[in-house]
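Let's have the full structure, built from the sequences with the hints guiding it.
Going by the UniProt record's numbering, the sequence shown opens with residue 1, and the numbers climb by one from there.
In case anyone wonders, no lab produced these hints; they're calculated from the structure. Since the model is a prediction, treat every value here as computed from it, not as a measurement. The beta carbon of each residue, even a glycine, is placed where N, CA and C say it ideally should be. One or more hints might be untrue.
Claimed, not checked - Cβ pair distances, simulated, as ranges:
#, residue 1, residue 2, range
1, 181, 201, 30 to 38 Å
2, 90, 197, 44 to 52 Å
3, 156, 135, 20 to 28 Å
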Amino acid sequence: MKIKEWAEEDRPREKMLLKGIASLSDAELLAILIGSGNSQETAVQLSQRILSSVDNNLNALAKLSIKDLIIKFRGIGEAKAITINAALELGKRRGNSTPIQRPALRTSDDAYRLFHPLLCDLPHEELWIALTNRSSFVIEKVKISQGGTSETSADLRIILKAAINALATGIILCHNHPSGNIRPSQQDDHLTQHLRDAARLLDMQLLDHIVLTDGSYYSYSDEGTL
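Here it is in structure tokens:
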């Protein structure tokens, strides 16, 4: 039976999309790389045989040359052998890479320093959010809108959708005032209150709203107006 004739949840690619990549066996991951088997084996069966030949040890598999793979396994040509070697080499290099250090936002000054390079020199207003996890580490920064010299619009649905998609628990709002005046407007106050209340309904917290200029900022949290 060909892989395309299997139940959808058993096909490697579909299984990955349905259940996540961690649900796949080594053979299924290898099958995705090689794409097809031979006239007698599916890609998964061929992958199982390849892994069995090295006692299911990926380090041993990485020691096989492109020539070894081509000679030993029917259905593995030069392109497939190169793909296998390249994937294993990437795995090695990942092990030697330094993990990404996400910034932590625990104070208003942390938030100001995060957004200042993005907003300090702009001649127009932009509204951004930083989404954080329970440990206050930044998951991602998202630009929400861009306006004129005195205001920008905000759609709560866009903000909350971004937070939900990121599985965030905390939201920090930030926008700039090109005029240099750090005092928030009534529109800023209304946005802050509405987002705070909407976030609570989704078990999220609006941690702060920063109004930023080049050299100074206003923090709703620091001022006790959040």
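Hints, verified against the model:
1. 181 / 201: 30 to 38 Å: 32 Å Cβ-Cβ, so the 30 to 38 Å window holds.
2. 90 / 197: 44 to 52 Å: holds (46 Å)
3. 156 / 135: 20 to 28 Å: holds (25 Å)
In this structure, none of the earlier numbered hints is contradicted; all agree with it.
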